[in-house]
Amino acid sequence: MKNKKNLITQNTMIAYMLILPALLVFAIFMFYPLFYTAYLSFFDWNMIKPLKVFVGLDNYKALFSDPLMPLVIKNTVVYILILLILNCAAPYILAFILSFVVKKGRGFYKGAFFLPSVISLVVGSILYLWILNPVSGPAAVAAEFMGINIPIWSKTQGLVIVVLSIITTWKIFGYNFIVIFGGVTGVPQEIIEAAKIDNIPLYKIFFDIVLPMSSATGVYIFIMTIVQGLQYVFTPIKVVTQGGPDNASSNVIYDIYQEGFLLYHTGYASAMSIAAMVLFVILLVIEFRYVEKGIYYEN
Amino acid sequence: GSEQSAQGDKVKIEYWHVNAETQGGKTVQELVDKFNAQSKDVEVVARYNPDMYKGLMQNLQAEAAAGKSPAVVQVGWAFLDYFSNNFTYSAPQKIIDKDFSDDKNFLQDNFLPNVLDLAKNSKGDQVGIPYSLSTPVLYINRDLLRQAGLDENGPKTWEELIKFSDTVKKQTGKYGFYMQEPADNWAQQALLESNGARMITDGKASFASEDGIKAYQAYADMVIKTKSALHISWDQGVQAFVNGDVAMLYTTIAQRANVQKGAKFDVAAVSSPAWEGKPKKLPAGGCFLAITAQDEKQQKAAWEFVKYLYSVESMAAWTKGTGYVPPRKDVADAENGLKSFLEENKMMKAATSQMDSVVPWASFPGDAGLQAEQLLLDTRDKILSGSISAREALTQTQEQINNLLK
Amino acid sequence: MKEIVFENVCKKYGKNTIIENLNFTVHSGERLILLGASGCGKSTTLRMIAGLEDITSGNLYMNGQRVNDIVSGKRNLSMVFQNYALYPHMTVTENIIYGLKIQKLPQAEIHARLTAALGKLELDGLENRKPKDLSGGQRQRVALARAVVKRSELLLLDEPLSNLDAQLRVHARKELVKIHQAYKQTFVYVTHDQVEAMTIGDRVAILDKGRLQVIDTPNNVYNRPANIFTAKFIGSPGMNIFKGSYSDHFLQLGKQSIKLSEAWSAYIGEKNCREFYFGIRPEHILLYREKHRDTFAGVVKYVEEYGSRRGIYFETEGSEVVAVTEASDFKPGSNIYFAADSDKLHIFDSKNKKNIGYPEVYHGNIYQYQSV
Amino acid sequence: MKEIVFENVCKKYGKNTIIENLNFTVHSGERLILLGASGCGKSTTLRMIAGLEDITSGNLYMNGQRVNDIVSGKRNLSMVFQNYALYPHMTVTENIIYGLKIQKLPQAEIHARLTAALGKLELDGLENRKPKDLSGGQRQRVALARAVVKRSELLLLDEPLSNLDAQLRVHARKELVKIHQAYKQTFVYVTHDQVEAMTIGDRVAILDKGRLQVIDTPNNVYNRPANIFTAKFIGSPGMNIFKGSYSDHFLQLGKQSIKLSEAWSAYIGEKNCREFYFGIRPEHILLYREKHRDTFAGVVKYVEEYGSRRGIYFETEGSEVVAVTEASDFKPGSNIYFAADSDKLHIFDSKNKKNIGYPEVYHGNIYQYQSV
Amino acid sequence: MKIDSSLKWHVLLCIALFVSLMPIVFAISTSFKELSEAYGNVLGLIPHNPTMANYLRIFQELPLNQITLNTVIVAFAVTVFKIVTSVMAAYAFVYFNFKGKNLLYIILISTIFIPFTMTMIPNYLIISQIGLRNNIIGVILPQLSDATGIFLIRQAMRSIPLSFIEAARLEQAGIFHIMFGIVLPLAKPAVISTGIMFFINSWNEYVWPVLILKDTANYTLPLALQLFISSEGGTDFCVAMAVSVVTMIIPLGLYLIFQKYIISTFTSSGVKG
Ligand SMILES: Nc1ncnc2c1ncn2[C@@H]1O[C@H](COP(=O)(O)OP(=O)(O)OP(=O)(O)O)[C@@H](O)[C@H]1O
Ligand SMILES: Nc1ncnc2c1ncn2[C@@H]1O[C@H](COP(=O)(O)OP(=O)(O)OP(=O)(O)O)[C@@H](O)[C@H]1O
Ligand SMILES: O=P(O)(O)OC[C@H](O)CO
Ligand SMILES: [Mg+2]
Ligand SMILES: [Mg+2]
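Protein chains in written order, with my numbering: chain A, 453 to 751; chain B, 0 to 405; chain C, 19 to 390; chain D, 19 to 390; chain E, 85 to 357.
So that you can see chain A by itself, here it is in the shape it has in the complex (with noise of 0.2 Å):
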């Protein structure tokens, strides 16, 4: 007994120290920020002014009461859909169809694919800027050829999400793509033979094998793509239409970022990141409760 508590208290100190080194960094850049930033969310100030207004609870009040918020919100799960399906859903297939249907070329295609992973986003959207252009870009000089008007997407509700989606997911894709690639190879060669003696649609080993099976791969890119994608796609905002036209562009991160560094409505933006926060941690227990228990994991 005594050998085992002994080796308990031993294994704790080595989980410890393990931990210690990343706890270290998160305390004292992500935590410590967290509760300033929590703290903020109580005040009226604009980051500079020698006094912060303490107002209690109405920086959430006036979220609540933010007639942008609803469209903000709305805005963010379209975002978060459609990345979904360009992040995840199609890399997932393309994987799929790689590595089980067709072989040949599978080096060529991976890399290709992953290349403009390593660009930044930045260029990227000054690129597609430029390329989408519905009057003059490449693309619209194209399309023009077989008589076809590109609308003008950087002013037109529903699709300007669309197209910054397009533009993050040209960045992300090869990455997701190939985390995915390795999760789905990862199902071992054999138990997709087995399903093919079977005579199992593709579709269906797709769906019944390799999808749970590769399911911590999935989980994974599935909360990258939001949690990521959410992030990323805030460059092409910034850079191609600034939240606009009329906000239909914003997500729920350009909105603090706008209220907190274009306004400067420190405690409001505050406010808004902890609400946000609180959120996503929802959502993540959700996944810890419901989603991890379908998941295989080996252990």
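Hints in this document: simulated from the structure, not taken from any laboratory.
Nothing here was measured: the structure is a model prediction, and the numbers come from that model.
One thing to keep in mind: the hints can contain errors.
As the list claims (entries may be wrong) - With a straight-line Cα cutoff of 30 Å, these simulated BS3-like cross-link-like pairs (lysine-lysine) come out:
1) A/Lys556 - C/Lys30
2) D/Lys138 - C/Lys250
3) C/Lys20 - D/Lys349
4) D/Lys319 - C/Lys20
5) A/Lys555 - C/Lys30
6) C/Lys309 - D/Lys192
7) A/Lys656 - C/Lys122
8) C/Lys148 - D/Lys150
9) A/Lys555 - C/Lys92
Here the structure of chain A is known, so what remains is to put chains B, C, D and E with the ligands in place on it, guided by the hints.
Here is chains B, C, D and E with the ligands on its own, set in the frame of chain A:
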């Protein structure tokens, strides 16, 4: 930060600017280098701030929060009130009066009063000295105009412009007109105020006057009704013009180099159109210089540098490098100034010739000013998308802004 | 119901040739056993039939149709994988019925087949377990059940019973044969268990390093091995092989010699061979403590206990010989004398290592297959 | 070199009791075989010894020390896993020497052990392959090599030879025994192969549903099975068991009866039992085509071919009996008559199902273990 | 028939590829064009008058070597530290049991959702206070650890079959042996992909360095790019593309050099042996 360097006992100060390499960044460095070479006791470090005046303001914010501050900063006109309300700065005349009695009349002697007024905040304090001055001009694609059978010298009035635009659309199938749509209402202000509207009257929004509504609606009609004008983001609009897809581009003179270098057709710039029978009112773009140095030594050094920047030679170099209009009176005609340059660069004339029409860029007072500006931007999108009439939109927004400003 | 024909089939992994020029036919409805040393290419052969492994060259036919390029799913077969290949995220039931559900079989039919399979393979009570919560043998049975419920025309089994205990193996063997009798599928069955090979196989094919050595009935493989490899491979321990020479009724082994029976003498004379290999199964060697007439001498090296019998490994004329006996008094180091009952001899050509056949009198001499 | 003592060891997974109150000792240096039906808890027992599975209750001692809470790494043992558990990212060589490198053995020593193991297990030429490029048997041999090179005091083997062919299995068996003789480790060896159990085991422990049934020498387990479970479990097919009654020299089975030998009659009389189970191994049943005196009648249900012998499954008095015979003329559906040589009978108590023992005359009667 | 069905896929894939690669080709081609051609000849991928002027300009006007070196240092330091701290923490979360484990994990992971801008100002104050403004160390410091990394690597470790760890435990392998000998190699695809992500993100990072770095000599490449992008003066598109090409060249080169290796780590996982 501004620290004292031990070396040579020179006072080291920082100058914050927003000039990217494509927009005079090189000239900033040349000016600073020249100054440093000739100054015995001041050394200036130039620091670029990306993302224009907004970016600079952000960095200044962070700097202030850390208890530091540069000595001289460029402040965009839109931030005039915000800056003066929130940052510690020294009014230039105050420093002059204290330590530089020789320069007592420097400001009055060298600047037009309407130009100096640009840098006065809503309380009437002279926050800084106008430095980069720009006005909106009309770039025209002469080839296209000719093709549409129009006067190749472009329209003189907005009424004419509207006709031109429609004609181009009908005759060539290309767009007739594009007015810049960045994250500000600068160009739209020119349109409205030239028609007799006022963006702000006595600290209150007043753009939703009949004149304002009419002007905005006329512009909106081009976009919505005749579809002769393009409603698109700024970069794309400029790109479309330079590519020859739009006949007329209404934007800042600061884009001159870009347009000139890129366009392969017969391009020209003409002065801002006026509304028939009405005087032009053109908001000043660009920035003024503010002295944010905190201690006396630094402030003195800052003034020395600022004064240097306003010398005729420096101003001329500045204009050449950036395309801004010189705010100082006598630079344009001086031999050591811009005389020959302006002769060669006809496009600049469009801007220099309309200096007398310059008015301050409307900056809504108080902490809510920036938000008011944002509301106006949203309104622009609403009107130009046709979802709501100019009358309704402007009236609503005006009310909203005035509620904010209370 | 499926006839499978291998025509000059080769398989390479990079430069390694795994299967070399395979030519044979699995008759429709037969139970063919694939035997061979570990790593000889049995699984690979099975996998080629299943369409899981590309054929490097040659042709594979099923019911007369060339199937080299037909995908697995279209070959209508089921397979038990050597390492089971169960879907780890599905329960036992789900694993078994997955293929049936895809085939859109009626619910009742699926249920009936499932229940039957669970019962036959003694998996009741484990229906809702995931594979990782099963023992090795249970997993293997699930794999077997999954293959069996499909009732396809061709059943490929890669060591399907290796992790089962003897009772269960006997039982499963019986069930498999019953299934075969009911549905007359073609079986191709890989096993290392020679008893299994003998009991289940209609024919046995023996592979060595990717080459087919022999394909014949179990009986012949044991009693009339076609060549030395087969003789040594079948039986445990395998047959003892000596290089010998013949002259005038006497079989010469190194410096020693013994007399052969008349029948053999005549036969060898007829075949006119001098140099050959002769072979004798360990269980057919007669052992003596003292020198007798017509015995060879040797020294015991090693004794292996099989319970009531022993394997006696001894050295003679520089080669190791093993005999199986019930006697328990041979200890390592002691002298030993042995004779080979000439009734039970096998003789192989010294060049091509093929069996030269047997004198007529021995034709009925089919010995019982024995494992120690 | 390690003595292992199980003291009331239980193991549960959730509510399922897998191992129930296990009590036994593995003597230092002995080769103990664990036998038992698939899923009975053999691997679990091994994993508890290895320290990979927590013990739910009870105590496990090694060399007198309680080790319940000692981590695996500190127990100084090696193990061959049932599913090999080879490191997929390491080559064969790396897999084998990984543990030795951790022990910081000198390079030369590592090399020597590696070469020896590769040679003994016929793995030469595969040194640089990754596990996925090996055949099933090759993987298993690598797993074996990895365990063997460590030369630890205790070797746990979970069906280490199940995927090897007969020749290689004989060979590996020999090598294992040689290794044991050289290093005198304690072996705990799980197998389903009864021949392996008989040849390798000093003693055999038989588990049934997590309970120890018997622990005894291989010979006794086969010839003097302690209880019905053991009797049925060992042998393939296992022993036939009938419920019978005895009265006055006659053994009654349903409506039929046969006469017992004097010795048995006396013994049973002595033991004073009426109702019992009697058992007879399939290979000890005498079969007739016609009715004889002292035979029972039955109907053939099913015939299993073992090559030269057959398993005849027939029904009598509502229960299935199997006999092994060389005769080939029993066909399903035909009548059959059988007798049990009373020399070869086993009799078990009807209540506790334990062997009641044997009349003195039969004490020498140790039959040869046979597998079909 | 085999060829037929995959041809269809190949066509589809090639269209996708075109969409994905075209912008890069466009960027490279534009960087060799004169501005007027960039505007006028949008579709032409091969410049009529190829020019190096754009490149010459950035090399002359900027201490590009120093800037590149800065970027390399920042990206490598950030990547290495993030990976090391993530692997350590993930290992503890997967293979150890200790008090508060789940709570701690959830707290750490929930920070994934926090936009960096939220913590930017307090971090700036911290960095200023320790005097690391205008210093690349100041850029690196707050980024030494990353919840995303912990999350990803933990996911990967959870997918490693326990039996390998068990086998290693029996070998008397201590925690470090198991970590470096078994777990890390098996989690390598995840570690590498996370590393790549960190590297790329750090390489292209903009918002935070802009705040910290003041002197051009301390710049990183994305900041240098900003020097050629101006909303008001108009962007010199060709020069901006030249900087972009310079910016992408190192990660692209690294990727192309190690592509085989990187891709193979993903595909060769074969963890189930
Ligand atoms: N995680 C688990 N949860 C529930 N039951 C389990 C779990 N793991 C194993 N079992 C059950 O425990 C029993 C014993 O398993 P064990 O692996 O010890 O069997 P075994 O004797 O080695 O069988 P085999 O010969 O088939 O390998 C089996 O019935 C198995 O289903
Ligand atoms: N991917 C591969 N690359 C190279 N050689 C391979 C590969 N896969 C298998 N082999 C080799 O091919 C040979 C045949 O393998 P196969 O699995 O068919 O053997 P097997 O007869 O089934 O053996 P076992 O009885 O041990 O399962 C083996 O020697 C093996 O090492
Ligand atoms: O470029 P400037 O300084 O003339 O400013 C005018 C623009 O409208 C600013 O966005
Ligand atoms: Mg195999
Ligand atoms: Mg087991």
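Against the structure, the hints:
1. A/Lys556 - C/Lys30: holds (19 Å)
2. D/Lys138 - C/Lys250: Since the Cα atoms of D/Lys138 and C/Lys250 sit roughly 19 Å apart, the hinted pair holds (cutoff 30 Å).
3. C/Lys20 - D/Lys349: Measuring from Cα to Cα gives roughly 28 Å; hence the hint holds.
4. D/Lys319 - C/Lys20: holds (28 Å)
5. A/Lys555 - C/Lys30: holds (18 Å)
6. C/Lys309 - D/Lys192: holds (28 Å)
7. A/Lys656 - C/Lys122: holds (13 Å)
8. C/Lys148 - D/Lys150: holds (24 Å)
9. A/Lys555 - C/Lys92: Holds, because 19 Å separates the two Cα atoms, which is no more than 30 Å.
Hint violations for this structure: none, all hints satisfied.
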